[in-house]
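Undergrad: Given the coordinates of chain W, work out where chain D should sit on it, guided by the hints.
For the protein sequence lines, the chains are W and D, in the order given. Residue numbering for the first sequence follows the working numbering, starting at 1 and increasing by one per position. Residue numbering for the second sequence follows the working numbering, starting at 116 and increasing by one per position.
Where hints are given, some of them may not hold.
To be verified - Mimicking SDA-like on lysine to any residue, the simulated pairs with C-alpha atoms at most 25 Å apart in a straight line are:
{"id": "1", "chain 1": "W", "residue 1": "K110", "chain 2": "D", "residue 2": "K172"}
{"id": "2", "chain 1": "W", "residue 1": "K107", "chain 2": "D", "residue 2": "E167"}
{"id": "3", "chain 1": "W", "residue 1": "K110", "chain 2": "D", "residue 2": "R145"}
{"id": "4", "chain 1": "W", "residue 1": "K107", "chain 2": "D", "residue 2": "N174"}
{"id": "5", "chain 1": "W", "residue 1": "K49", "chain 2": "D", "residue 2": "R145"}
{"id": "6", "chain 1": "W", "residue 1": "K107", "chain 2": "D", "residue 2": "P154"}
{"id": "7", "chain 1": "D", "residue 1": "K172", "chain 2": "W", "residue 2": "K58"}
{"id": "8", "chain 1": "W", "residue 1": "K58", "chain 2": "D", "residue 2": "Y219"}
{"id": "9", "chain 1": "W", "residue 1": "K22", "chain 2": "D", "residue 2": "Q156"}
It should be emphasised that the hints constitute simulated quantities derived from the structure, not laboratory data.
Chain by chain, the residues run as shown.
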Amino acid sequence: AQSVAQPEDQVNVAEGNPLTVKCTYSVSGNPYLFWYVQYPNRGLQFLLKYITGDNLVKGSYGFEAEFNKSQTSFHLKKPSALVSDSALYFCAVRYTGGSQGNLIFGKGTKLSVKP
Amino acid sequence: KAGVTQTPRYLIKTRGQQVTLSCSPISGHRSVSWYQQTPGQGLQFLFEYFSETQRNKGNFPGRFSGRQFSNSRSEMNVSTLELGDSALYLCASSLVPGDQETQYFGPGTRLLVL
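One chain only, chain W, in its complex shape (with noise of 0.2 Å):
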């Protein structure tokens, strides 16, 4: 079955800091693997996106994401963060055989920047 997981439910950074969410995921076939962000009240924006080629992908807001296939992997990383990235993060994946459209969602992680 295809799955993502977010290990940590809430991640604490100091302003300025860099800032690592992470996620796993166990899929069948090439992933695609996307990171979205939910402001309080608000829906999810899209952040950033992997589907081939650059193992590194570079997004919104300064984040970027690393993907690794050995580990399964897709850490969300930003070298310095800022208060205004406190939010909730959901790692996703769409695999190719399945329907287009189609994300599995991880539980979220709750990234809280202080100054």
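TA: Leaving out everything else, chain D in the frame of chain W:
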């Protein structure tokens, strides 16, 4: 241009009632997907519509249904509501199915079942 709009934003119902939620996609978007978000289960795919046809359905009971109109607006219906149906229901639209880069999510409808 206007984003994805969902109505109503908040809704309170009682067990056994039914509810209809509405989603208006971004102009020009023809694909609409629905997701249920709960603290325990996270985000789960409900169904996806394209050109008035349901293309895919998640693992939800038959009480959950939906449809899409010729103008791409979509509705989802939940009959015989249960307490566990309390959730944030998110709608997302995209130009075509599977196009995550053009996919935008609405703010959601928060449903509370008492």
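Undergrad: Please go over all the hints and tell whether each is borne out by the structure.
TA: Here is how each hint holds up against the structure:
1. W:K110 x D:K172: Between W:K110 and D:K172 the Cα gap is close to 28 Å, so the pair fails against 25 Å, i.e. violated.
2. W:K107 x D:E167: Answer violated: W:K107 to D:E167 is near 30 Å, above 25 Å.
3. W:K110 x D:R145: Distance of about 32 Å is beyond 25 Å: violated.
4. W:K107 x D:N174: OK: W:K107 and D:N174 at ~17 Å, within 25 Å.
5. W:K49 x D:R145: holds (22 Å)
6. W:K107 x D:P154: holds (8 Å)
7. D:K172 x W:K58: Not satisfied, since the Cα-Cα distance of roughly 31 Å exceeds 25 Å.
8. W:K58 x D:Y219: This hinted pair holds, its Cα atoms lying about 19 Å apart.
9. W:K22 x D:Q156: holds (18 Å)
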